[in-house]
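Q: Sequence:
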Amino acid sequence: MRQRRGTLTEPGRACAHRDRSAAESLDLFRRMRAGEFPDGARTLRARIDMGSGNINMRDPVIYRILHAPHPHAGAAWCLYPMYDYAHPLEDAIEGITHSICTLEFEDHRPFYDWVIDECELPEPHPRQIEFARLNLTYTVMSKRKLLQLVQESVVSGWDDPRMPTISGLRRRGFTPEAIRDFADRIGVAKRDSVVDVQLLEHCLREDLNRRAPRKFAVLRPLKLVIENYPVGQVEAFEVPNNPEDPAAGTRTVPFSRVLWIEHDDFRETPPPKYFRLSPGHEVRLRSAYLVRCTDVVKDAAGNVVEVRAAYDPATRGGATPDGRKVKATMHWLSAAHAVPAEVRLYDRLLTKPDAGDVGEGQDWKSNINPDSIEVLGNCWVEASLAGAASEERFQFERLGYFCVDPDTAAGRLVFNRTVTLRDAWAKIEQKQS
RNA sequence: UGGGGCGUCGGCAAAUGGAUAAGCCACGGGACUUUGGAUCCCGCAUGUGCAGGUUCGAGUCCUGCCGCCCCAGCCA
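Its first residue numbered 313, the first sequence is counted upward by one per residue in the numbering used here.
Check the hints yourself; a few may be wrong.
Unchecked claim - Taking lysine to aspartate or glutamate pairs in the EDC-like style, the calculated list, with each CA pair at most 20 Å apart, reads:
| no. | residue 1 | residue 2 |
| --- | --- | --- |
| 1 | LYS455 | ASP493 |
| 2 | LYS457 | ASP666 |
| 3 | LYS502 | ASP576 |
| 4 | LYS502 | ASP666 |
| 5 | LYS535 | ASP611 |
| 6 | LYS743 | ASP576 |
| 7 | LYS455 | GLU435 |
| 8 | LYS677 | ASP666 |
| 9 | LYS535 | GLU547 |
| 10 | LYS457 | ASP659 |
| 11 | LYS455 | ASP666 |
| 12 | LYS535 | ASP669 |
| 13 | LYS502 | GLU418 |
| 14 | LYS535 | ASP504 |
| 15 | LYS664 | GLU513 |
| 16 | LYS535 | ASP624 |
| 17 | LYS455 | GLU322 |
| 18 | LYS457 | ASP669 |
| 19 | LYS455 | ASP675 |
| 20 | LYS610 | ASP659 |
| 21 | LYS739 | ASP508 |
| 22 | LYS664 | GLU418 |
| 23 | LYS664 | ASP683 |
| 24 | LYS455 | GLU430 |
Since the hints were derived computationally from the structure, they do not count as laboratory data.
Working from the sequences, and respecting the hints, build out all of it.
A: Below you can see the structure in the form of structure tokens.
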């Protein structure tokens, strides 16, 4: 058949059986259905126009033999219709008025209409209307490509939080509301387009910012010892659950002499514009106290393993009665009260915005980002997170939005990072390097 | 190259022959800030792929060109 189909510029040639009588064809068709022939031995074709510029009209196959079990019908049939033939029939029979599909089916539409006309289906006939598929930067959306990721174990499964599947997005912590909002904003058109994934992330942040309760979590812990804070003393500080929503109230977080802070929140030699902790500098520990760095403790290899600081008792709750300004406010956790957790950080699946942007002889998989997941096993979170339910969403202050992964079990908390917060410092730092 | 489509800002995307070509994201700047978050303000297409034409008036209509995408499965 392939040889007779012709090419894009040359018409096809008729097959030897093209003028077989209807009675003869019907008989053959019954025998096909009865299972008399092996796979591929016979087909039923629609006689249309072998000379058509549209290859889909060059006597397309409408039934082929496939001795394969059907998920619903089992072994009852060894005859399967082609999609192009079944689709218009299904639409017409089901009373579909507008049959929406993607652009690549545009030149299948003449056959879609042909089938419905020739079969004399009742009016009104369904109309196939094609629109551009949704493409997103830094990922793939085609089921075929997604299947490859699953089969080749690039991801852990269809619900891997990096997958743009419904189950993947859900496990990642995306809200239905954010996805709908995104869908509303991108519009529908016939133009082949690629939507910036940052728009999706924007919609997500906007939704989560409104709703997600705030928590403290330290992903890469660094010990901070408040030298002038009494050993054994514990204070409870009131921390707002969501500054966007006063009705969300406050919670209590314990403070003590030995704390965990984010490793990245300390630099021994701060780069320009770095406002966080560094020797001699003062920062605010959110809702607690202002502290000034007094000393740095290093291991034999010269790595910073502990930071020492002094707190100002007059700044209780993080207030500055004297009106003094500090440029940085940091999250923290009392080491003795924090709960351990595993946190999984995700990055884009691809290293390039467009999966198809590849060099000679390369396929799209050469663009797979080898660092799309990072598992942090040594994190600390607030004790209030201990009983969190699967899929529950939170903002870890200053870090991003996170949700509880179903891998969470008694005594083992696992969080997925849904999306980071916007990060002005990261941009400054990037420009500096 | 035969057929089918599509060209409006960095990315999406409105504008149905009529006012100065919407809006959102991104980006840049500023204000404010107990999250470098959030919020607010400002900037961001002398021009709609190009060249002509019609018209009082063209992103929109006409002609020609250019560019990009899809089709040669007994896949969907």
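Q: Against this structure, judge whether each hint is valid.
A: Here is how each hint holds up against the structure:
Between LYS455 and ASP493 the CA atoms are separated by roughly 23 Å; this puts the pair beyond 20 Å, and the hint is violated. Taking the CA atoms of LYS457 and ASP666, the gap is about 13 Å. The hint holds against a cut of 20 Å. Distance hint between LYS502 and ASP576 is unfulfilled; the C-alpha atoms sit about 46 Å from each other, more than 20 Å. Distance restraint check for LYS502 and ASP666: the Cα-Cα separation of roughly 19 Å lies within the 20 Å cut-off, and the hinted pair is therefore satisfied.
Among the hinted pairs, LYS535 with ASP611 is consistent with the structure: their alpha-carbon atoms are about 13 Å apart, no more than 20 Å. A hinted pair counts as satisfied when its Cα atoms are at most 20 Å apart, and LYS743 with ASP576 qualifies at roughly 17 Å. For the hint linking LYS455 to GLU435, the alpha-carbon distance of about 34 Å lies beyond 20 Å, and the restraint is violated. Distance hint between LYS677 and ASP666 is fulfilled; the C-alpha atoms sit about 11 Å from each other, no more than 20 Å.
A hinted pair counts as satisfied when its Cα atoms are at most 20 Å apart, and LYS535 with GLU547 qualifies at roughly 18 Å. With a C-alpha separation of about 18 Å, the suggested pairing of LYS457 with ASP659 holds against the 20 Å cut-off. Pair hint LYS455 plus ASP666 holds up; C-alpha atoms about 16 Å apart against a cutoff of 20 Å. Restraint check for LYS535 and ASP669: not satisfied, since their Cα atoms lie roughly 45 Å apart, outside the 20 Å limit.
Using a Cα cut-off of 20 Å, the hinted pair LYS502 and GLU418 holds, with the two alpha carbons roughly 11 Å apart. Only pairs whose Cα atoms come within 20 Å are accepted, and LYS535 paired with ASP504 is rejected, the gap being roughly 52 Å. With a CA separation close to 17 Å, the supplied pair LYS664 and GLU513 stays within the 20 Å bound. For the given pair, LYS535 sits about 19 Å from ASP624 by alpha-carbon distance, which is consistent with the 20 Å threshold.
Distance restraint check for LYS455 and GLU322: the Cα-Cα separation of roughly 33 Å exceeds the 20 Å cut-off, and the hinted pair is therefore not satisfied. The suggested pairing of LYS457 with ASP669 holds, with an alpha-carbon distance near 15 Å, which does not exceed 20 Å. The suggested pairing of LYS455 with ASP675 holds, with an alpha-carbon distance near 16 Å, which does not exceed 20 Å. A C-alpha spacing of about 31 Å is found between LYS610 and ASP659, which places the hinted pair above 20 Å, so the restraint is violated.
About 18 Å separates the Cα atoms of LYS739 and ASP508, which keeps this hinted pair within 20 Å; it holds. Distance restraint check for LYS664 and GLU418: the Cα-Cα separation of roughly 29 Å exceeds the 20 Å cut-off, and the hinted pair is therefore not satisfied. Taking the CA atoms of LYS664 and ASP683, the gap is about 13 Å. The hint holds against a cut of 20 Å. A distance of roughly 33 Å separates the Cα atoms of LYS455 and GLU430; the hinted pair therefore is violated under the 20 Å criterion.
The structure is inconsistent with the numbered hints 1, 3, 7, 12, 14, 17, 20, 22, 24, although it conforms to all the rest.
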